[in-house]
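Place chains B, C and D on chain A using the hints.
Protein chains: 4
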Amino acid sequence: MVVIVRPDVPQEKIDHLVRWLKDKQLVVREYQGQQQTVLGLIGDTKPVDIDMLKSLDIVESVADMTDTFKASNRKIHPDDTVIRIGPGKGPAIGGGNFALIAGPCSVESREQILFVAGEVKAAGANFLRGGAFKPRTSPYDFQGLGSEGIDLLVQAREATGLPIVTELMDHRSLELFLEKEVDIIQVGARNTQNYDLLKELGKVKSAILLKRGLAGTIKELLMSAEYIMANGNENVILCERGIRTYEYAYTRNTLDLSAVPVLKALTHLPVVVDPSHGTGRADLVPSMSLAAVAAGADGIIVEVHNDPQKALSDGAQSLTPGAFRDLALKIGKIREALQ
Amino acid sequence: MVVIVRPDVPQEKIDHLVRWLKDKQLVVREYQGQQQTVLGLIGDTKPVDIDMLKSLDIVESVADMTDTFKASNRKIHPDDTVIRIGPGKGPAIGGGNFALIAGPCSVESREQILFVAGEVKAAGANFLRGGAFKPRTSPYDFQGLGSEGIDLLVQAREATGLPIVTELMDHRSLELFLEKEVDIIQVGARNTQNYDLLKELGKVKSAILLKRGLAGTIKELLMSAEYIMANGNENVILCERGIRTYEYAYTRNTLDLSAVPVLKALTHLPVVVDPSHGTGRADLVPSMSLAAVAAGADGIIVEVHNDPQKALSDGAQSLTPGAFRDLALKIGKIREALQ
Amino acid sequence: MVVIVRPDVPQEKIDHLVRWLKDKQLVVREYQGQQQTVLGLIGDTKPVDIDMLKSLDIVESVADMTDTFKASNRKIHPDDTVIRIGPGKGPAIGGGNFALIAGPCSVESREQILFVAGEVKAAGANFLRGGAFKPRTSPYDFQGLGSEGIDLLVQAREATGLPIVTELMDHRSLELFLEKEVDIIQVGARNTQNYDLLKELGKVKSAILLKRGLAGTIKELLMSAEYIMANGNENVILCERGIRTYEYAYTRNTLDLSAVPVLKALTHLPVVVDPSHGTGRADLVPSMSLAAVAAGADGIIVEVHNDPQKALSDGAQSLTPGAFRDLALKIGKIREALQ
Amino acid sequence: MVVIVRPDVPQEKIDHLVRWLKDKQLVVREYQGQQQTVLGLIGDTKPVDIDMLKSLDIVESVADMTDTFKASNRKIHPDDTVIRIGPGKGPAIGGGNFALIAGPCSVESREQILFVAGEVKAAGANFLRGGAFKPRTSPYDFQGLGSEGIDLLVQAREATGLPIVTELMDHRSLELFLEKEVDIIQVGARNTQNYDLLKELGKVKSAILLKRGLAGTIKELLMSAEYIMANGNENVILCERGIRTYEYAYTRNTLDLSAVPVLKALTHLPVVVDPSHGTGRADLVPSMSLAAVAAGADGIIVEVHNDPQKALSDGAQSLTPGAFRDLALKIGKIREALQ
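Chains as they are written, first to last, in our numbering: chain A, 5 to 343; chain B, 5 to 343; chain C, 5 to 343; chain D, 5 to 343.
It should be emphasised that the hints constitute simulated quantities derived from the structure, not laboratory data.
What you are looking at is a predicted structure, and each value in this text was computed from that prediction instead of being measured.
Since no wrong hints were added, every one of them can be taken at face value.
Any copy will do: because identical chains look the same in the list, a pair fits if it lies in one copy or spans two.
Simulated pairs of lysine to any residue, SDA-like, Cα-Cα distance not exceeding 20 Å:
#1 K203 / G150
#2 K79 / A253
#3 K268 / A327
#4 K209 / P167
#5 K223 / L270
#6 K223 / Y252
#7 K28 / A234
#8 K268 / R256
Chain A on its own, in the form it takes in the complex (with noise of 0.2 Å):
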């Protein structure tokens, strides 16, 4: 259920309806926004009159939410989220913040990510990916550096300035990571219903970035951003990086735009796209970024490697730094066009 209060209401009278609220056993969300404050109301609701709260003095209108994502909804929290990384003058993320987060799938060495992240920060990236700790289909390969690719992101992470974001697998790793201060943990998609990962996530105030499913819906990537936020961490960024369809043949994965359109619509998180793992073709990542930003997404998470034929993974699919280049000065002018 959604509470509009009216505008111009004291505090203290919100205070006391939310009290009132909260002893009918509801969780209660309140969310002040620019024109009003709006209250959601997630849990039962059976016990509250209706009538009852449209005829307060102090309340606007009462509407339903049948939605069974909630705090995500935008119905309760109408502005965008903005995400803001790290203290003070570090870059945002949703109300017209774009990120452009790029780097290497995985972290191989000192030299690679230091020089990746040269570039693309050259290039006018705003945040650093990096893979240290892999989920490989194969048990049988390179699973990544581990520990180790993290202490090289926050090196590059000095060196260059640009906040980072690389994959959690396992809560186990989770105090390596609060330790590190990893700016932004990525869930992948592998991952995107481990529950248990994610209620632990949860708990922390870190920045997410959760995939979508594999071949997961729209609906359950909004279910698995309430598992963090319901535990306590509203800083959830939702990625489209591709479904899995009958079409394999030129692309590794159907990349889903309209899920961009739709989110937004739907929830007030920031939706970014990988359109690396969305094509898993170096040549198709220029037009479908194009495509995302077009679409309105507020970001794009891109591989970029020093010598994609080399790479210990993912090469077909990863930009070299010049074809970046190119690509960070098409999305300027794209997003120019669209103001």
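Relative to chain A, chains B, C and D alone:
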């Protein structure tokens, strides 16, 4: 097999080679590009001695063409195909010429089609679409106005000068379409693999807008184009219109925009996008249209209705004339930004 | 709307009610079951006063029928449809009669079809299948023997007594099919929604084997049957033949056997299964055939070839005559066990 | 690489060869079948000279194994794996031993689980299933009784003698599962690619029932089994439970029964089928269970509830005890017919 002819070879020498190849029971497609002449050999090339071919002084290089699509293959036709509609100064599609095709799902009445045609023309559309023969899932639903609908489209063309695009369901109607000079004959998603229909369309000269099947692969779309081209009609426009996936809760289909750059790389034929059927939702059409343009489409085909709520078919996915006008403006800006 | 008539009501009273309903512009399907008469009303039922209908002394009950499929709906035809093929003592399909349909993908020569027909008959098949008009993805591939293939099938029928099943791709061939008395006319997966073809098949009396679309839904299959039935032909056999999914590495399609019990609940029409196209692999055909029988199918249609390795089409999914003989024995045992 | 050893070679000679291969940094899986010994070499086999290997007098043949799944591959373990549950005369799965696993979706109370356990045992089940830790899409839904549920399962095991099958969601619960001696630990469809969890399960000896992912491929299922086996646990049972497709109107998932014979050909591990989740409809469970048996499954896992209408989860797909009894009888008949 693809034979690249050296620049500046006199045509009579090329003709001689072509005659020799045809004697081997091969179909030879000769393409005179801006840079050079390319010969595409279709059929059983085993009787041809590749080394002998390569050694000819008029031949620059010879390459294999194992793709099953031949006539539509960019390898034997490196430049974009440009399809000019109508005599003289009619609009063109492909090679930088953008088709903005708009109009109602179904032609419903004289007033309706004339009104919508006027509106979309004023907004910048250069083609008018409208359904007269409608492939409906249920035999009990409205099946379109049939030949009367074609007549009304012709009147709208006379009134606005816009060339018309409309669907052909059965080759028994082809004579009517030719007599009325339908400018672009559409093959719908349910008939993409109706090979006998495609063969008939190969015998005419009209432009054909060929939609991808309901759950058709990119390769199947190319092979269906091949059925038309192998029978003699080169004027084929390909259309991405969304594919069937497990994600159905929020969109009617999943618009596969990556098909645009994939197709542009594989074939020289123009590629347009239908965001109306691709999403099924009017509120998603603008963002997905812009994304299609950014992805490199040669045009879009959009449903516009005077009163979407009362449309006899597909109202939920139809734009109002006003929304279409806004969209056309933004498309112009994106196209400019991409230059 | 469905009207259940009380038992033992004289026919003239029913006729009177039917006339009255037809006057309301409704199509009335009258079904005389073993227990009682059921009237199915198709069209706009708003002008009919339900309470009045219920109060009639000849009416036992009235129920809504919101399903979009009407003529094929089991609600207005509670017993299984049994389709008898050929005059007199020909085999039947449905209502406990099992169709074991076997033969080559393509008719290739007189020797081949006569040999395979003899083999499958000896093994227990009661129908012969064989393709004469072949819908091939590529225009450059073998397209079937055409009318010559039909003649060869007729010869095989004469030699073995087996009724023949073969695919019609275009209504221009329908006259030939009728003249040659093709026993069951197959509509292939690419033409399942070729509505103009379905309408033509509604005007004849031949049995129609209607395949599910390449990625068709169960409802679309029923709606396509509806196109045939609404035009007058009740002899429709539905065929599950595998659907297109993301799982392509090991099977050509994903055979959806749950479609069998789903369809048997929704419709009175017989349902057969094609495990050859459903899997694309001869080694999987036996187990999936047995599974189809256990799932309740009214028959299976299986590709059998004298020399699968040399088949002009679909060799990889064709059984040898010996493998088919083993399968037929096991099918008999499973059918016995289920009784 | 696969090395087939000649029959009657003394073990010490085999040991010698194995030591030599391990010195090349290879993992060597030695399988002593009924007919002969097979060595499976996992890792980088480039340093091994194939011709030299072939020339050894103890070697019969050497074959490539390019498949990415190794330990689960039937090529290096030609006979079916038989997994015996519990000490002494406990039931087994695989190699002709059929597992009839039944019980409620969720353990709800002592009375419920004891009642259902008694009923399914009486009907012929040889395993009891029940969920204690429940992976629910919504954080606001019933999440299972947790460790209390495990205790109740243990009581039901004591009362009936049936080994128990229940889902593990997080490795932090593994100690509890081991302490309570859960007989078969289930990995649910959402955790099929939770590799850190799989690695932990590789370190124990319990039998693992590994479900195919929500939209997982057959190969991914095998690779996940590989994660468990590569870490030391060979007791893996694979489970087909329906895949996500575009067909959602009538079934919750599309049960891919062809996965059964496909898997039986590729791997030596037992394969069971879950028709409850596979269809989501109790009325389809019997026919699809019989189909699974006919397709060659080594068992089925079925939801049975004392009062499906009131079940806390998955009521719509749960059989009543009576319906399960009928099904068990029919399964017996089909199994007999197939012998």
